[in-house]
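The listed protein sequences derive, respectively, from chains A and B. Under full-length UniProt numbering, the letters of the first sequence match residues 1 to 308, in that order. Under full-length UniProt numbering, the letters of the second sequence match residues 1 to 279, in that order.
One thing to keep in mind: the hints can contain errors.
To be verified - Over 10 Å on every C-beta distance to chain B, these chain A residues come out as not near it, computed from the model:
1. Q49
2. T58
3. L75
4. W82
5. L106
6. L114
7. R115
8. M138
9. M142
10. D144
11. A203
Claimed, not checked - Straight line, CA to CA, 25 Å or less: simulated SDA-like cross-link-like pairs of lysine to any residue:
12. B:K165 - B:M109
13. B:K132 - A:A207
14. B:K165 - A:L33
15. A:K274 - B:D67
16. A:K274 - B:K165
17. A:K274 - B:F118
18. A:K260 - A:V44
19. A:K260 - B:D67
20. B:K165 - B:D67
Unchecked claim - Label pairs and their calculated CB-CB ranges:
21. B:S13 - A:I30: 54 to 62 Å
22. B:L182 - A:R301: 34 to 42 Å
23. A:G68 - B:P191: 57 to 65 Å
24. B:F26 - A:K274: 29 to 37 Å
25. A:F66 - B:F26: 29 to 37 Å
Hints are computed from structural coordinates only; laboratory data are not their basis. This structure is a prediction, so every number in the text was calculated from the model and none was measured. Each residue gets a CB set at the ideal place from its N, CA and C atoms; glycine is no exception.
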Amino acid sequence: MSQHATLDPPVPAPAAPAARRRRRDAGGTILVLPALIPVALLSVWPLLQGIYLAFTDTTAGRPGAFVGLRNFADLGSYGLFWDSFRIGLVWAVSVTVLQFLLALGLALLLNMRLRGAAFARVLALIPWAMPPVIIAIMWKLMYDPRSGPVNGILSTLGIIDHNVNWLGDFSTALPAVIFVGVWVGMPATTVVLLAGLQSVDPAVLEAGAVDGASSWRRFWHIVLPSLRPVIVAITTLDFIWSFNEFGLVYVLTAGGPGGKTMLPMLFAYNEAFKYGNFGLAAAMGVVIVAVIVLLMFVYLRAQRRAAQ
Amino acid sequence: MTPRRLTVGRALSYLALAGYVVLLGFPLVWLLSTSFKTPRELASLSPSLLPESFSLTNFRSAIEQQDLLRAGANSLIVAGCTTALVILVSVPASYALARFRSRLRGVAMGWILVSQVFPIILIVVPLFLILKQFGLIDSLVGLVLVDLVWSLPFALWMLQGYVAKIPAELEEAAATDGASRLRTLTSIVFPLLLPGIAATSMFAFVLSWNEFFFALVLIQDPTLNTLPLALARFVGQEGQVQLGPLAAGSLLSMIPSLVFFALMQRRLTSGLLAGAVKG
C-alpha cells in the first residue's frame, strides 16, 4: 500500500488541451519502449511459450508435437515429482514459519531501547549483501563433517557424541538446509516487521497499559492485529521466494543425498537441462505455479475472513 | 512490574540480542578465518576460530587460479555491460513513468510488481530455446540480455522514485524561460538525477555480478564461467576441494557487493526503518 503511494506521480498531471496530452502520451510511449521491448521478448513471450511447451513433448534434441494433457498425466504418476513437491512444501512452510517466528521475536527485541540494537540492525544486512552461492559455500564450510565448527560446537556442548555429516546424511540434510534458508531470510523479515512495529500507535498501547492490560495482552490484542497486513504480506512473499529458491540449495546439496533435498526447482532444472525433457519440465513449471497461486489464494482468503 | 523483574527481562533481552549477533556474524567470521589459515591448519581436526598466523597463501592461490581469474573477468564484462544497458534503457523509461500518465505506465508498474514473484521456473526452458535460436547460448551477450531484463523492474522502480522527487516546477520554469525540451532534460533533470543513477547502477551491477541461475543454464563452456558459476563448480569437485582458496575466492568475489552495501547502508536502513528508535 505504501508502495502505491510512492508509485503515484508526485503532482497530478495538469489539465492539458487534448492534442497536447496526446502528444505527451506518445512521447512517454517512445521513452518506455526501449525498456518494454526486451522485457516483452525475454520475459512475457517466454512465459506464454512456457505454457504452450507444457502441452508438447519437446526434448533437447527436437521440437515436439502437441500432446494435450499427456505431460500432466505423466507427472501425476511420477512418484519422484510428488516427492520433490512434498519436500518443497516442507521446505517452504518450515522456512516461512520459523523465519517469521524468529523474526517477530527479534523485531520486538530490536524495538526495545537496547544498547547494540543499531549494530544488530546493520548486521542484518549481511545476508542481503552476500550472493546465495557464497552463502552456500560459507555454510558448506560450517557444516563440513571433518573441520566444520557446527560439529565442534555441538560436541563441546555435549549435544552430539560423534561428528555428523549434516548435508550428507539422509535424516539431517533437509533440516540442515532449512536452517540455512532461515538464516538467509530471517534478517530481511525482521527489518520488515520492525518497520511495521514502529507504525503501531503508541497512544493505543499506553491506553492499554493504563487500563491495566498485561504486556502479553497488549501484544496479543493491540500489536499483533495492527501488524496483520505486514505479516500477511511478508509471509506470502517469503513463501513464494522460498518455493522459488534454487542457487542456495543447488550449491549446498544439489538435491542430495538420495533426493532428500530435491526442491521442485532443482527437480525441474534436472529434468530440463540434465535429461532434456523440456516439455515435461515446462509442465512442472505450470503445476508448481498453479499450486503456489492456489495456496496463496486460500491463505489470503482465510486471512481476510479472520480479519473481519 | 517490579524493578527486579524488569532487570531480569532486560538481561534476557541482551542475551537474545547477543545470540542473534553471534548467529549472524559467526559464519562470516569463520569464512574470513578459513581464508587466512594455512593448509596445515585447515587439515587439523580441531580447528580454532582464529587462524594461528594470518597467511595470504589462499588469496594468492585463488587469484593465480586461471579459472577464477578468467571467471572474474567474465563477471566484470557481464555486470559492466548489463549496468550500462540498464541505465541507458531505464533513464528515459523511468522519466516517462514518473512524469506522464500514459496507459503504458499502468502496464509497466503492474509488471514491476509481478516481477517480484515471477515464476522463473516457467520461463527458463523457453528462454533457453529462444536464446538458442539466436545462437546466444554459451555467449556472454545472451547472459547480458537476460540480466538486463532481470534487473530492469527494480531499476525502473528505483529511478522513477528519484525522478518523482525532482520538482516538476523546475522543468516548467526552464520551459517558460525558453529552454527546449531536450535542453531542459540534459541541463536540469539529468544532473539532479545523477545520485539516483549512481545508486541504480550499483544495484544493477551487484545483481548481475551475483546472478547464478541463468548463468548456470546458459553457460556451459567453462571458459565463459562467471564468478558464482566458477565457485559453485569448484565446490562440486567433492573430495579434492581446497577449503582455503575457496573461502578466499568467495571473499574476493564479494568485494563489489560489500562496497555497494557500505555505500548504501545508511540509505537502506533509514529507508526501511523510517522513524526507527535510536539504538
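List, from low to high, the hint numbers that the structure doesn't satisfy.
Violated: hints 1, 2, 5, 6, 7, 8, 9, 10, 13, 16, 18, 19, 20, 22 and 25.
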